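Chain by chain, the residues run as shown.
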Amino acid sequence: MTTPKSERELHLPLSRVKTIMKSSPDVEAVGPEPLYLVTKVAEMFLVDLAKRAHKNCKSNQLEYMHIAEVVQDDDTLDFLREIMPRKITVRQFKELMAKKNARRRNSDDSTEESSEEETSEESSSEND
Amino acid sequence: MAEKLEDLNLPLTVVTRIVKDALPDGVAITKEARTGLAKAASVFVLYVTSAATNIVKNKKRKALTGQDVLDAMRDIEFDRFVEPLGEALEQYKQIASARKSGGGYVG
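Chains as they are written, first to last, in my numbering: chain D, 1 to 128; chain U, 1001 to 1107.
Just chain U, same shape as in the assembly:
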């Protein structure tokens, strides 16, 4: 459980950095826009989580997997994220298995 309400929001400083990196140099972002973006991303996390949990429930499984998160993207009609996210999952799996067999260090 979250102890404070702000624990349910993504940190504003990190959100601002990500957004600044994505936009052309010199774009100013108002305080209200930053808060709005952070809030939107936080709610998006919940939205994705609930879509993925629904998949797990329908398949009568218990644990959430990466594939469920990927499938959830189609369910919520964020198909444009399926491909890059699938690549991220593959990459993650490779690194995770290399870590398991290679004694921990991945350079």
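So here's chain D without its partners, still in its complex pose:
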């Protein structure tokens, strides 16, 4: 048995991709053709995401926040937003909350409940 050349060109292990695919409900068997394509597209996705994140780099170091920025700015990456929140420091979080409270005090007499969602996206930080 030899492996077709195009399969050898893949870098990600097919077996691992298969395990991930099979963890999805309703997937029983995964044939070699769809497995090859999903692995291929996963690599394309990785390269694409890394290149776009790299554009957000100011220095020569790619950091988590550069990737999170791409994810939060592109609607087609919505499926990643929960697992890749923008991370902020405790200090930034406190400042944010202070601002939010100030805004609430201001809006109390005019319009209620407007600043609620703005900070929720950012609040799941610092814990992994």
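Take these hints with a grain of salt, some might be off.
[Claimed, not checked] Part of the chain U face toward chain D, derived, beta carbon under 8 angstroms:
#1 LEU1008
#2 LEU1010
#3 THR1013
#4 VAL1027
#5 GLU1032
#6 ALA1033
#7 LEU1037
#8 VAL1043
#9 GLU1077
#10 PHE1081
#11 ALA1088
#12 LEU1089
[To be verified] Here are the computed distance ranges between Cβ atoms for each label pair:
#13 U:LEU1005 to D:ASN106: 40 to 48 angstroms
#14 D:ARG104 to U:GLY1086: 25 to 33 angstroms
#15 D:ASP48 to U:LYS1031: 17 to 25 angstroms
#16 D:ARG103 to U:LYS1062: 53 to 61 angstroms
#17 D:ASP78 to U:VAL1082: 15 to 23 angstroms
#18 U:LEU1005 to D:ARG81: 16 to 24 angstroms
#19 D:GLU95 to U:GLU1083: 39 to 47 angstroms
[What the hints assert, rightly or not] Heads up, simulated DSSO-like pairs for lysine-lysine below, C-alpha to C-alpha not over 30 angstroms straight-line:
#20 U:LYS1039 to D:LYS94
#21 U:LYS1093 to D:LYS100
#22 D:LYS58 to U:LYS1031
#23 D:LYS18 to U:LYS1093
#24 D:LYS22 to U:LYS1020
#25 U:LYS1004 to D:LYS99
#26 U:LYS1100 to D:LYS87
#27 D:LYS18 to U:LYS1031
#28 U:LYS1057 to D:LYS18
#29 U:LYS1100 to D:LYS55
#30 U:LYS1100 to D:LYS18
#31 U:LYS1004 to D:LYS18
#32 D:LYS51 to U:LYS1031
#33 D:LYS99 to D:LYS87
#34 D:LYS58 to U:LYS1039
#35 D:LYS22 to U:LYS1039
#36 U:LYS1093 to D:LYS58
#37 U:LYS1020 to D:LYS18
Honestly, the hints are just simulated from the structure, not real lab data.
None of these values were measured; they are calculated from a predicted model.
Here a beta-carbon is modelled for each residue, glycine too, at the ideal position from N, C-alpha and C.
Assemble the complex: chain D is given as a structure, and chain U must be docked to it using the hints.
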């Protein structure tokens, strides 16, 4: 079924190599960025799989095909991947059929 939880993540070393090859020389990638990229690609695999499975279900078929994966790209609005992935599918099919008729070896 995956036996360990890490079986559901793509291997960090391979992910790092792919990313390094794609970026200009000398770019450092922090540990957190590597883990993030690996996690993102793993979730992407699931996302594509579920989109392709939906197509199969709607067509009342059972087995997943390469074309379903290709069609799934449009459904999840990753149209930019359709063309290169279509080429990959063609190439794959050619090699697979050559392997069938030519007794196994493709040089």
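Here's how the hints hold up against the structure:
1. Taking 8 angstroms as the C-beta contact cut-off toward chain D, the hint placing LEU1008 of chain U at the interface holds, the least distance being around 6 angstroms.
2. Annotation: interface hint on LEU1010 of chain U holds; nearest CB of chain D at approximately 6 angstroms, less than 8 angstroms.
3. A hinted interface residue such as THR1013 of chain U counts as satisfied when its beta carbon comes closer than 8 angstroms to some beta carbon of chain D; here the least separation is about 10 angstroms, so the hint is violated.
4. The interface hint given for VAL1027 of chain U is met, as the beta carbon of that residue sits about 6 angstroms from the closest beta carbon of chain D, less than 8 angstroms.
5. Taking 8 angstroms as the C-beta contact cut-off toward chain D, the hint placing GLU1032 of chain U at the interface holds, the least distance being around 4 angstroms.
6. Because the closest C-beta pair between ALA1033 of chain U and chain D is about 5 angstroms apart, less than 8 angstroms, the hint holds.
7. Interface restraint check: LEU1037 of chain U against chain D, minimum CB-CB distance 6 angstroms, threshold 8 angstroms, status holds.
8. With 8 angstroms as the threshold, the beta carbon of VAL1043 of chain U comes within range of chain D, its nearest partner Cβ sitting at about 6 angstroms, so the hint holds.
9. The beta carbon of GLU1077 of chain U is positioned within 8 angstroms of a beta carbon in chain D (closest approach about 5 angstroms), and the interface hint is therefore held.
10. With 8 angstroms as the threshold, the beta carbon of PHE1081 of chain U comes within range of chain D, its nearest partner Cβ sitting at about 6 angstroms, so the hint holds.
11. Annotation: ALA1088 of chain U was flagged as interfacial toward chain D, and the flag holds, the nearest CB pair being 5 angstroms apart, inside 8 angstroms.
12. The interface hint given for LEU1089 of chain U is met, as the beta carbon of that residue sits about 6 angstroms from the closest beta carbon of chain D, less than 8 angstroms.
13. Separated by about 46 angstroms at the C-beta atoms, LEU1005 of chain U and ASN106 of chain D satisfy the suggested range of 40 to 48 angstroms.
14. About 52 angstroms separates the C-beta atoms of ARG104 of chain D and GLY1086 of chain U, a value inconsistent with the hinted range of 25 to 33 angstroms.
15. Separated by about 21 angstroms at the C-beta atoms, ASP48 of chain D and LYS1031 of chain U satisfy the suggested range of 17 to 25 angstroms.
16. Between ARG103 of chain D and LYS1062 of chain U the beta carbons are some 55 angstroms apart, a value that agrees with the proposed interval 53 to 61 angstroms.
17. For the pair ASP78 of chain D and VAL1082 of chain U, the supplied restraint of 15 to 23 angstroms holds, since their beta-carbon distance comes to about 19 angstroms.
18. LEU1005 of chain U and ARG81 of chain D have their C-beta atoms about 22 angstroms apart, which keeps the hinted 16 to 24 angstroms range intact.
19. Roughly 45 angstroms separates the CB atoms of GLU95 of chain D and GLU1083 of chain U, a value that falls within the hinted 39 to 47 angstroms.
20. With a CA separation close to 29 angstroms, the supplied pair LYS1039 of chain U and LYS94 of chain D stays within the 30 angstroms bound.
21. Our distance criterion of 30 angstroms between C-alpha atoms is broken by LYS1093 of chain U and LYS100 of chain D, whose separation comes to about 57 angstroms.
22. Proximity of LYS58 of chain D to LYS1031 of chain U is assessed by CA-CA distance (about 18 angstroms); at most 30 angstroms being required, the pair is judged to hold.
23. Simply put, LYS18 of chain D and LYS1093 of chain U have alpha-carbon atoms about 19 angstroms apart, close enough for the 30 angstroms limit, and the pair holds.
24. Between the alpha carbons of LYS22 of chain D and LYS1020 of chain U the distance comes to roughly 28 angstroms, so the proposed pair stays at or under 30 angstroms and holds.
25. Distance restraint check for LYS1004 of chain U and LYS99 of chain D: the Cα-Cα separation of roughly 44 angstroms exceeds the 30 angstroms cut-off, and the hinted pair is therefore not satisfied.
26. Distance hint between LYS1100 of chain U and LYS87 of chain D is unfulfilled; the C-alpha atoms sit about 51 angstroms from each other, more than 30 angstroms.
27. Simply put, LYS18 of chain D and LYS1031 of chain U have alpha-carbon atoms about 25 angstroms apart, close enough for the 30 angstroms limit, and the pair holds.
28. For the hint pairing LYS1057 of chain U with LYS18 of chain D, the CA-to-CA distance comes to about 19 angstroms; that is within 30 angstroms, so the pair holds.
29. Annotation: proposed proximity of LYS1100 of chain U to LYS55 of chain D is violated, straight-line Cα distance about 44 angstroms (limit 30 angstroms).
30. Restraint check for LYS1100 of chain U and LYS18 of chain D: satisfied, since their Cα atoms lie roughly 23 angstroms apart, inside the 30 angstroms limit.
31. Only pairs whose Cα atoms come within 30 angstroms are accepted, and LYS1004 of chain U paired with LYS18 of chain D is accepted, the gap being roughly 14 angstroms.
32. The hinted pair formed by LYS51 of chain D and LYS1031 of chain U meets the criterion: a straight-line CA distance of about 17 angstroms does not exceed 30 angstroms.
33. Only pairs whose Cα atoms come within 30 angstroms are accepted, and LYS99 of chain D paired with LYS87 of chain D is accepted, the gap being roughly 18 angstroms.
34. Among the hinted pairs, LYS58 of chain D with LYS1039 of chain U is consistent with the structure: their alpha-carbon atoms are about 24 angstroms apart, no more than 30 angstroms.
35. The suggested pairing of LYS22 of chain D with LYS1039 of chain U holds, with an alpha-carbon distance near 17 angstroms, which does not exceed 30 angstroms.
36. Annotation: proposed proximity of LYS1093 of chain U to LYS58 of chain D is violated, straight-line Cα distance about 43 angstroms (limit 30 angstroms).
37. Restraint check for LYS1020 of chain U and LYS18 of chain D: the C-alpha separation of about 24 angstroms stays at or below 30 angstroms, so the hint holds.
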